[in-house]
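Colleague: Produce the entire structure from the sequences given, and follow the hints as far as they go.
Letter by letter, the sequence shown follows residues 111 to 641 of my numbering.
Check each hint, because a few of them may be wrong.
[To be verified] DEER-style ranges, computed between Cβ atoms:
1) 179 <-> 571: 47 to 55 Å
2) 586 <-> 610: 20 to 28 Å
3) 437 <-> 576: 17 to 25 Å
4) 342 <-> 553: 33 to 41 Å
5) 189 <-> 628: 18 to 26 Å
6) 288 <-> 312: 41 to 49 Å
7) 583 <-> 186: 55 to 63 Å
8) 611 <-> 177: 33 to 41 Å
9) 233 <-> 177: 23 to 31 Å
10) 270 <-> 206: 22 to 30 Å
11) 532 <-> 202: 53 to 61 Å
12) 362 <-> 183: 22 to 30 Å
13) 323 <-> 221: 35 to 43 Å
Please keep in mind that the hints were generated in silico from the structure rather than gathered at the bench. Predicted model only: the values in this text are computed from it and were never measured. For glycine and all other residues, C-beta sits at the position ideal for the given N, C-alpha and C.
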Amino acid sequence: MKNIQRTLVLGCSLLALAGCGADEIVSPGTSGDINVNITNPPAPTPTPTPTPTESLVTPAAGCPTINSTGGLTDAGTITGPTGEWRVCTLPGTVDASDTLPYIPGLLYQLGGQTLVGTDQGFSSTGNNVTLSVEPGVIVFAQGQAALIVNRGNRLNANGTADRPIVWTSRDNVIGLANDNSQQQWGGVVLLGRARVSDCATGGINTDATFSQNPTCQQNLEGAAVAIPYGGANDADNSGSFTFNQIRFSGFELAPGNELQSLTTGGIGSGTVIENLQSFNSSDDGVEFFGGTVRVRNLAVIGASDDSLDVDTGAQADLDTVVVVQRSTTGDANIELDSPNGVSTPLAAFPRTRLQVNNFTFVERSNGSAQMVRARGGAALSLTNGVMDKIDGDATFCFRFDEQETLDALIGINSVVCDGGTNRQARGDRGSGANATTDAEALAAVTAGSNVNLAFTITLTGTVINGTGEAGVTPFAASGRSTFFPDRTYVGAMENAAQFQSTFGNWTCNSSILDFGSSTGACTTLPVYTDA
Numbered sequence: 111m112k113n114i115q116r117t118l119v120l121g122c123s124l125l126a127l128a129g130c131g132a133d134e135i136v137s138p139g140t141s142g143d144i145n146v147n148i149t150n151p152p153a154p155t156p157t158p159t160p161t162p163t164e165s166l167v168t169p170a171a172g173c174p175t176i177n178s179t180g181g182l183t184d185a186g187t188i189t190g191p192t193g194e195w196r197v198c199t200l201p202g203t204v205d206a207s208d209t210l211p212y213i214p215g216l217l218y219q220l221g222g223q224t225l226v227g228t229d230q231g232f233s234s235t236g237n238n239v240t241l242s243v244e245p246g247v248i249v250f251a252q253g254q255a256a257l258i259v260n261r262g263n264r265l266n267a268n269g270t271a272d273r274p275i276v277w278t279s280r281d282n283v284i285g286l287a288n289d290n291s292q293q294q295w296g297g298v299v300l301l302g303r304a305r306v307s308d309c310a311t312g313g314i315n316t317d318a319t320f321s322q323n324p325t326c327q328q329n330l331e332g333a334a335v336a337i338p339y340g341g342a343n344d345a346d347n348s349g350s351f352t353f354n355q356i357r358f359s360g361f362e363l364a365p366g367n368e369l370q371s372l373t374t375g376g377i378g379s380g381t382v383i384e385n386l387q388s389f390n391s392s393d394d395g396v397e398f399f400g401g402t403v404r405v406r407n408l409a410v411i412g413a414s415d416d417s418l419d420v421d422t423g424a425q426a427d428l429d430t431v432v433v434v435q436r437s438t439t440g441d442a443n444i445e446l447d448s449p450n451g452v453s454t455p456l457a458a459f460p461r462t463r464l465q466v467n468n469f470t471f472v473e474r475s476n477g478s479a480q481m482v483r484a485r486g487g488a489a490l491s492l493t494n495g496v497m498d499k500i501d502g503d504a505t506f507c508f509r510f511d512e513q514e515t516l517d518a519l520i521g522i523n524s525v526v527c528d529g530g531t532n533r534q535a536r537g538d539r540g541s542g543a544n545a546t547t548d549a550e551a552l553a554a555v556t557a558g559s560n561v562n563l564a565f566t567i568t569l570t571g572t573v574i575n576g577t578g579e580a581g582v583t584p585f586a587a588s589g590r591s592t593f594f595p596d597r598t599y600v601g602a603m604e605n606a607a608q609f610q611s612t613f614g615n616w617t618c619n620s621s622i623l624d625f626g627s628s629t630g631a632c633t634t635l636p637v638y639t640d641a
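Modeller: Given below as structure tokens:
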């Protein structure tokens, strides 16, 4: 059997005129007026016979049986550019271990804030409910709908390089999404029982014994009811999430509280996250609140706020990371924070720590004052990175707030950025004893080995190393984390072949970054046929 992936994209001309709007019909090469010769009208052109449009998808016969109370609800069919699909809506709570099988012509729908299991509590052990998702499955939603995995439960959503799992919006299904669409549904949330530093009640933890607050936990932002996360097990397991695309997410759950493509809260090191694409999240691309987070092969494309946001005592190691902003929106590539509101931020426990190895950041938006911002006494390590600051003089490469944040810097090594002569690094420029200066920030960053913040970028294909990047000596990152291998290059992508083998097929393509993936465009759905 051979897997053939096909994608059909219909332009406005093949849809009903009502979907285009009369003001979109113009005569090319003119101001929009259409001139008609009334005196000697041309002979009428025969009405063409419509060309049949191939329907790649026909709806599945029905919904499969699952174990959870209420089962799947058959919501009829939905039609889009790829054909007609059967829609099966998940129950509000997955209360038994279940599998969502891949069935041709079938889509799964989140009818609202869909919970996987119920909260098992701060001190629970073991696993209650597991939701498994098969390769090739597509799950869609709209509005405030989101998938929330309560702590003590697991999501095993493991696609393959040829058949990723796609989480997307209803507009994407019916063909209304474009390369600038966003905020069409909530997102995916994984919660766990690892340590967090911010407590919903009782303030901020200040020591490893949790003496100030022995059951410190936090609540998920924006949820209609309190959904807690956190615990004392840094090795907790919230499941396995591999070869997934999350598209057009970030719906506002409450004023000022949006979800990201992927939000984690207190997940432990037993959780596997690899080969993840975030596409056009209206808030951050991904956000990690507390816990012990390990992610490999991460692509954050078109995030409207920060691409990577790490906070609440998270201990995060990210390896092989590609970030590309849209030109129309986006803030920092990294926003790193540790709890505020204490006189000495370093006293917070755990103190937020982010380490990123082999990364390429492409900043296109002038909405941010810096590509990387660290504050609150958070600890930062960046190794083997390329930072392409396309917008020129509007953005700094680095910003460090407070002296505690500079003191907590683990190190910047084998990192290059095109900051020119005056946009390399800045302090917070505030008043007070803890304020940092531009000179102090620059000295801290460049104290590491092989750091060049006035580098001439030579990237090709947006994120693939050119001759300049190939000449940068790499850093042995395994000394920073056992999660990091030692490689012979800086940046995320050494060459085009590696780019294809690492990110090809399981990602989706857009005008923001074309992965050359056979899965097709982010604006349409992948369709698989077996022959």
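Colleague: Identify every previously stated hint that the structure contradicts and give their numbers, smallest first.
Modeller: none
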